[in-house]
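Colleague: Kindly generate the complete structure, drawing on both the sequences and the hints.
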Amino acid sequence: DLGTGTGVLAIGAGLLGAKSVVGIDIDAEALARAREEGTRLQVRVRFVESAIGAWDSNADTILMNPPFGAQRRGADRPFWDRAFALAGRAIYAFALADSRTFIARRALVANAYVESVRPVPWELVRMFPHHRRARVPIPVDLWVIRTGNQP
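For the record, in the sequence shown the residue sitting at position 77 is 62 according to this note's numbering, with numbers rising by one throughout.
By construction, these hints were calculated from the structure, which means they are not laboratory data. Hints should not be assumed to be uniformly reliable.
Computed Cβ-Cβ distance ranges for the label pairs, DEER-style [unchecked claim]:
#, residue 1, residue 2, range
1, Ala119, Asn96, 37 to 45 Å
2, Leu127, Ile11, 20 to 28 Å
3, Arg18, Pro104, 38 to 46 Å
The C-beta atom is built at its ideal place from N, Cα and C for all residues, glycine as well.
Modeller: Structure below.
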């Protein structure tokens, strides 16, 4: 799980029976919360404090909910670059619907196959000072991408 934050996707993968799960993030505080939640749920997930660009271990499947790039254009790009470089078989990721062209082109360049792009209901809950409203619905897609790399 690239950019795991508090570990929601990584812990979910563990709960669903993934053999080995690694959550990667640079935020030590978020990782501490992820570890606590993983322990509470008795899920085996290894959480690693690392920049995603510094992580070079391949994985069968990459999960991610990268920054959407709404506040800082291109904030999601390093996540997609790493995902395409490291994924042995598949990428499952959430992205703003406005990113469809960028992601589809990036998949093409990476010789990957976009299996599906599905809109999902998403509500952004106020978490940061720049968030003005308590909840905002935003257009988000769930991407399933098959890659040709083998770990």
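Colleague: Next step is simple, just say for each hint if it's right about the structure.
Modeller: Against the structure, the hints come out as follows:
One distance hint, 37 to 45 Å for the beta-carbon pair Ala119 and Asn96, holds here, with the actual separation near 43 Å. In this structure, Leu127 and Ile11 meet the distance hint of 20 to 28 Å, their C-beta atoms being roughly 24 Å apart. Checking the proposed 38 to 46 Å range against Arg18 and Pro104 shows it is violated: the Cβ atoms sit about 29 Å from each other.
Hint 3 alone, counting from the list given before, is not met by this structure.
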